[in-house]
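Colleague: Each chain is listed here by its residues.
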Amino acid sequence: MRKLLSAMTGLAGGMILSSQALAQELRNPAAEWEHLWDEVMLDITVIGVVMTIAALVMLFKYRATSPDQVGTAKKLTTVQSISFALIPASIFMADDFYLAANGWTVWNAYRRVPENAMEVKVTAYQWYFEFEFEDGTLADGSDFQAVKLPSDQPVVFRMTSEDVLHSFGLPHYRVKEDIMPGRITYIWINTKEEQTNAVLQCAEFCGDQHSKMSNPIHVVPREEFDGWLAEIAAEG
Amino acid sequence: MSTPTTAAGHAPTAAWKEWILTTDHKRIGVLYLIGAMAAFGVAGIMALIIRAEQMQLGMQIVTSGTQYNSFLYFHGAAMILAFLIPGLTGFAANYFLPLMIGARDVAFPRINAFSVWLFYFAIALALVSFVIPDAPDIMWTGYPPYSVTTAGNTAFYVFTVHLLGFSSILGAVNFLVTVIYMRAPGMGWNQLNMFVWTTVAAFVLQLIFIPVLAAAVTLLLFDKYLGTHFYDPSAGGDVLLYQNLFWFYSHPAVYVIFLPAVGILFDIIATMSKNRVFNYKAAVYVGIWGTVGIAGIVWIHHLYISGMPDWIRLGHMVTTLLISVPVGILTLSLWGTLYKGAITYNTAMMYAASCLYLILIGGLTGIPLALPSMTLHLSETSYVHAHFHFIMALFSAFALFGGIYYWFPKMTGRYADGPLATVSFWLNFVGVNVTFWPLFIIGKEGMPRRYWDYEMFKDVQVMGFYFEDFHKVATIGAFTIALGMLLQTINFVYAAFAGKPAPTNPWNSKSLEWTHTVSPPGPGNFGDTDVVVDENWSPYEYSK
Numbered sequence: 001m002r003k004l005l006s007a008m009t010g011l012a013g014g015m016i017l018s019s020q021a022l023a024q025e026l027r028n029p030a031a032e033w034e035h036l037w038d039e040v041m042l043d044i045t046v047i048g049v050v051m052t053i054a055a056l057v058m059l060f061k062y063r064a065t066s067p068d069q070v071g072t073a074k075k076l077t078t079v080q081s082i083s084f085a086l087i088p089a090s091i092f093m094a095d096d097f098y099l100a101a102n103g104w105t106v107w108n109a110y111r112r113v114p115e116n117a118m119e120v121k122v123t124a125y126q127w128y129f130e131f132e133f134e135d136g137t138l139a140d141g142s143d144f145q146a147v148k149l150p151s152d153q154p155v156v157f158r159m160t161s162e163d164v165l166h167s168f169g170l171p172h173y174r175v176k177e178d179i180m181p182g183r184i185t186y187i188w189i190n191t192k193e194e195q196t197n198a199v200l201q202c203a204e205f206c207g208d209q210h211s212k213m214s215n216p217i218h219v220v221p222r223e224e225f226d227g228w229l230a231e232i233a234a235e236g
Numbered sequence: 237m238s239t240p241t242t243a244a245g246h247a248p249t250a251a252w253k254e255w256i257l258t259t260d261h262k263r264i265g266v267l268y269l270i271g272a273m274a275a276f277g278v279a280g281i282m283a284l285i286i287r288a289e290q291m292q293l294g295m296q297i298v299t300s301g302t303q304y305n306s307f308l309y310f311h312g313a314a315m316i317l318a319f320l321i322p323g324l325t326g327f328a329a330n331y332f333l334p335l336m337i338g339a340r341d342v343a344f345p346r347i348n349a350f351s352v353w354l355f356y357f358a359i360a361l362a363l364v365s366f367v368i369p370d371a372p373d374i375m376w377t378g379y380p381p382y383s384v385t386t387a388g389n390t391a392f393y394v395f396t397v398h399l400l401g402f403s404s405i406l407g408a409v410n411f412l413v414t415v416i417y418m419r420a421p422g423m424g425w426n427q428l429n430m431f432v433w434t435t436v437a438a439f440v441l442q443l444i445f446i447p448v449l450a451a452a453v454t455l456l457l458f459d460k461y462l463g464t465h466f467y468d469p470s471a472g473g474d475v476l477l478y479q480n481l482f483w484f485y486s487h488p489a490v491y492v493i494f495l496p497a498v499g500i501l502f503d504i505i506a507t508m509s510k511n512r513v514f515n516y517k518a519a520v521y522v523g524i525w526g527t528v529g530i531a532g533i534v535w536i537h538h539l540y541i542s543g544m545p546d547w548i549r550l551g552h553m554v555t556t557l558l559i560s561v562p563v564g565i566l567t568l569s570l571w572g573t574l575y576k577g578a579i580t581y582n583t584a585m586m587y588a589a590s591c592l593y594l595i596l597i598g599g600l601t602g603i604p605l606a607l608p609s610m611t612l613h614l615s616e617t618s619y620v621h622a623h624f625h626f627i628m629a630l631f632s633a634f635a636l637f638g639g640i641y642y643w644f645p646k647m648t649g650r651y652a653d654g655p656l657a658t659v660s661f662w663l664n665f666v667g668v669n670v671t672f673w674p675l676f677i678i679g680k681e682g683m684p685r686r687y688w689d690y691e692m693f694k695d696v697q698v699m700g701f702y703f704e705d706f707h708k709v710a711t712i713g714a715f716t717i718a719l720g721m722l723l724q725t726i727n728f729v730y731a732a733f734a735g736k737p738a739p740t741n742p743w744n745s746k747s748l749e750w751t752h753t754v755s756p757p758g759p760g761n762f763g764d765t766d767v768v769v770d771e772n773w774s775p776y777e778y779s780k
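Same order as they appear, the protein sequences are chains G and U. Just so we're aligned, residue 1 is where the first sequence starts under our numbering, counting upward by one. Just so we're aligned, residue 237 is where the second sequence starts under our numbering, counting upward by one.
No lab work stands behind these hints, which were simulated from the structure alone. For each residue, glycine too, the CB sits at the ideal point set by N, CA and C. One thing to keep in mind: the hints can contain errors.
Unchecked claim - With a straight-line cut-off of 20 Å between C-alpha atoms, the simulated SDA-like cross-links for lysine to any residue are:
(1) U:K680 to G:P216
(2) U:K517 to G:I82
(3) U:K680 to G:G48
(4) U:K694 to G:L76
(5) U:K736 to G:H35
(6) U:K680 to U:L663
(7) U:K694 to U:E704
(8) U:K576 to G:Y62
(9) U:K576 to G:Q195
(10) U:K680 to G:M41
(11) G:K75 to G:M58
(12) U:K694 to G:P216
(13) U:K576 to G:E32
(14) G:K212 to U:M375
(15) G:K212 to U:Q292
(16) U:K708 to U:A718
(17) G:K212 to U:T299
(18) U:K517 to G:T72
(19) U:K576 to G:H35
(20) U:K680 to G:H35
(21) U:K708 to U:I677
(22) U:K576 to G:V199
(23) G:K61 to U:K576
(24) G:K212 to U:D695
(25) G:K75 to U:W571
(26) U:K746 to G:G48
(27) U:K680 to G:S66
(28) U:K576 to G:S66
(29) U:K694 to G:Q195
(30) U:K780 to G:T72
(31) U:K576 to G:S81
(32) U:K694 to G:V199
(33) G:K75 to U:N772
(34) G:K212 to U:S300
(35) U:K460 to G:K61
(36) U:K576 to G:I53
Stated by the list, open to error - Some but not every residue of chain G turned toward chain U, in silico, with C-beta under 10 Å:
(37) A55
(38) Y62
(39) P67
(40) T105
One chain only, chain U, in its complex shape (with noise of 0.2 Å):
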């Protein structure tokens, strides 16, 4: 009886070891994508046990306020950190952006393994703190002196940071250098993928702010276990320190969200309306590097009403505001890349074009916020918790379940297509405007965030019905969500087994991963002849 053996002659790896050990650029994507989507599932359990808790006046659900402040703590964190950073740049990133550009991996693939096990071991570690007698209550802000003063284990919080902001800088530096150097013989920066600009995009913003975050939160550890007074104004330390240096970090980081989601939307649509992007160059240099460049001068409209000098407040009203222009052209491109196009539905699309709502609602209830005389009074109310749902949590979470439509075909050899995926998007679709609508309407009267009761707004009205009525709407609307979710998720792993299979380039795109490999792609991507395109390729390229 002979072993089988490999085409090298070597015994085959089992296949456990084989992505465990895996260096592929693909695997590693897919790895991620499993990461993620676990963090998604049980930060989306906890966001449920908050609205469930919210329904009702007084305390049904939680046990104790610290409960309630741990389960809102792991919600954000895991959500932002865990789900959505790993989603776009991890798992989106990684799978298609060596494909896009015509490369046979990344630079770098021994680092990426390691960039995706440190993510691991972030996960392993916010998911201990589940097990432990003093979880972290703080929030995803982890503002001191609550931070510091708490009994809660901030080192929890300061080591996830620690591990996925080390996972992302690796990360970064690998794609950029991938993106520069290895991409195919022939492409020139303006014939990339919208999808791979606004990546390169996050990962510079990437690179350039999250060791500032890493440094608050390390001073944040010294101050709490070490005795140090970094942020302790009675030793001479200073509060306001930590929420600048937090806020100079994840204000970016929103965009570190909102770009990629914005990339793979302009793919989606520019291929499935047969179309080229709208002023293509316009949506790359004003509206990528515009917000890439306004990123770092805008933090303090997260402290409007920190007690910071009325002159910074009113210098970033300006700064923020002027954060429409380059949104705003992004914006225009994607409404223009559907204009005479040639437009297929399907999930992908249907994504996509709530996308569309999405990006319109999130962003012009920014508009307020932008304002510091509006902010003191929509700050840490529900009102602010639903813009920034409509804009980072629902826009690119519906962008990345877009993108996951798109490229199912690519990833497996099958459509995900199907009833179960039309239900699911329109539970989904639906819940997200029950949920988070109400939300708007009773923050504007004062409904703060952040809270486990509201009792003493029992007896506020808005048109006619009490808060209470309105948390209840908004709690139908999370289950809504969560049926849709558990649907897609059965969807997701039905299709992947035994789905419709697909042909290589079901969509007819004129993208590199779509046109020059096989579904799935082995490994080296491309076969045995190497990717070389013309001055005249280009992805969004239909009617020649």
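Chain G on its own, in the form it takes in the complex (with noise of 0.2 Å):
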């Protein structure tokens, strides 16, 4: 019995131990959001098949063979309309309920931002971004050229709009949030990765040029960032 329990506080407390230490791994969104998308398509794939077949069985099966025959279902008992609501309800919550816990996890990937994550503020105007790196370095997104992140570093964008609603929306990074006048949102993106292959996109409705408010985002090592930085910096 001794054994038994000490064997279960072990256990309770290597867990507790592990999921300290997830906690500070660097997450993923992006994967994240991957992984569970393949979750939620099976799961509907899955409701979807079924119930497709279900219908079309029933309607090939109970064609009428003359214009007098009528339908034969017989009159459900009280248990019966019961079961067939509370059961059916009872597999659609458990499955909400499973998809919802899912979500939220990762949701906390999504909206927990790493300690050290570099600031970048982000200002949104009809109808270009402008981004404000940490040492007060200014880029300016009005003319579409790309905007170079670092890749030994998660990046958060603080963002607010000097005019209307926009929107920050990273479709390689499976993210996006609203940019409005008077409030502060926020996203972060895992830049571990190197790419030149991400766009950034507004993705709220903003009027005449709202389609062509976008920028290439490139990760790329820390030096070129850098030597970027500086650049735009004796630029600007």
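Need the complex rebuilt from these two chains, each delivered in its own frame; the hints are there to steer you.
Modeller: Structure representation (structure tokens):
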């Protein structure tokens, strides 16, 4: 008995330790998004296929053979009626809560900004973004030029707008958040992987040039990023 | 030469005058249908222009981004406010709800006439926005600050919403009173047609939530033209206030459209299967009223990326997922109504069967969107655009068209079925799939909504194809639907005057509008004897 108890406390202690270790690990929201997407797709595909087959079978099987034929479904008893409501409702709710739990886990990855993240202040205008880096350097995004970020540090964008609603959309990182006057919103991205094909786009309707409010976002080695920052600081 | 007189000895009224001055719920229903179809036509042309513009990179069809935005505005606002809501709660409810409950008219016929003319004024106002130089270029959502700072005429939007809202509130009161007090003697609540229940639910939603929308847009009007600052943070206002008020109405508005469409579907399927509605009480009290109960506590899922606090985004994730319970029960009842039926196929039933597919695709693709973490990426992409078209636009429009085929013999004494009806159905059904499936696929890869150009994605490939290729396919689909709808309209007009004559109850239905009236029903609906039903009567009792 004592052995069992100590084994159990040991197990619990181990779980707490490992969850602390997990909390410190740098999460990758975009990868977790893809994983959750696959899970949800599997879930809805199974429901969709079962329901489609059921409908097709019944639509085919129960065709009337003569114009006078009538349906022969029996009236449900009270117990059947209640069961046909409660059992499906329980199944739907079980699935709902399962998805909600998984969705919440991924949500935490998106919303908990790593402590060592580099802060970039974003100001949106009709119709361009402006970026202010930690050293005060301003990068003006109005000419569609690429914005560079370092690969050795996660990046958090703190965003506000000077005119109307905009949205900071990064499909490559599976994230977006609206930008509005009077409030500051944020998103963070895991930039471990170097890349030159991400696109920033405005994703909240903002008028005439809404479709043209965009910059490439490149993640590059630290030296290249520093060089680029020095360059735009000198230009500025 | 004697002047022809009516039975009562009055001189007959000119036909146009009879229609303009009518207080008959059936004629008012037809007026709603004509207005709704006109709005559908114009808004459909806008959709074709939008799709044609997106077919290729760059700007080909429209002359400016602002013009494109005006077309988007008109398409969205007209389809929702002037086609779907008036088509379902204006046309279908007006014409058939009193017949289904055995009433001779609605409770307040003159107020009913006032409602339809308010609707026509709203359509006229919306159409005027095409000929003024500064057309509204906001979206149908009208989010500030853009709707306040734009040079476009936001007042047209606000006044159109006011007129339609006023019309809907009057309609809601009228029909709720009618159903509560004017049911045929002996007709209990559990003997109502599903369409009556869903329409009652839709009107309850309208009555509760429209005032909130009216307040939201009125404050917008004050901000833009009177210099108030309700939505202006620089003077202590808040931009998010509008989004909350707007979606507090506009999410329930989805059910104002969805529920009557489900009701029509139940009536078609039960009639054509000669079967009772499966688990009627669960469908009514859990399905319909559960949807109403949850309608007002899920709106934040339209604001998942708007910068709302995390706790409320997660709270509404749970409530949004729980929509699956009432809607799932309704779906099971629809499926169960087929079980052991004796199904007859005709155009109405083909539309109804296709709706079973549309509700599945539209409903299930909404599940990822219930999760805020998924929506952080999917929001404002063409994935969302395809999802709500499936569930709201396609499902509801197909149910309405199915309903028109189903009730056509009642309204005209003639069938609308025939080769033209079949061909146009298939064009429409294939067309909607060809249009919207590609948008799901590129939406998941980031294709944004409301873009007239997508140059930044020109090198992105999905499954070996560029976004442009998917847009081309979608555009072909849109023109297929256009052809289908054109043929269908020709079919309706032709059939109304020269279609095959139909007997009074061509589908052998048990519902009162078929068993107790001639086609089309005259003034007062039921001739000289009032309708009385006994406690065993049901619109779905075929086995006796």
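Colleague: Would you list, in rising numerical order, the hints stated earlier that this structure does not obey?
Modeller: When the structure is compared with the hints, numbers 4, 5, 6, 9, 13, 19, 22, 26, 27 and 35 turn out to be violated.
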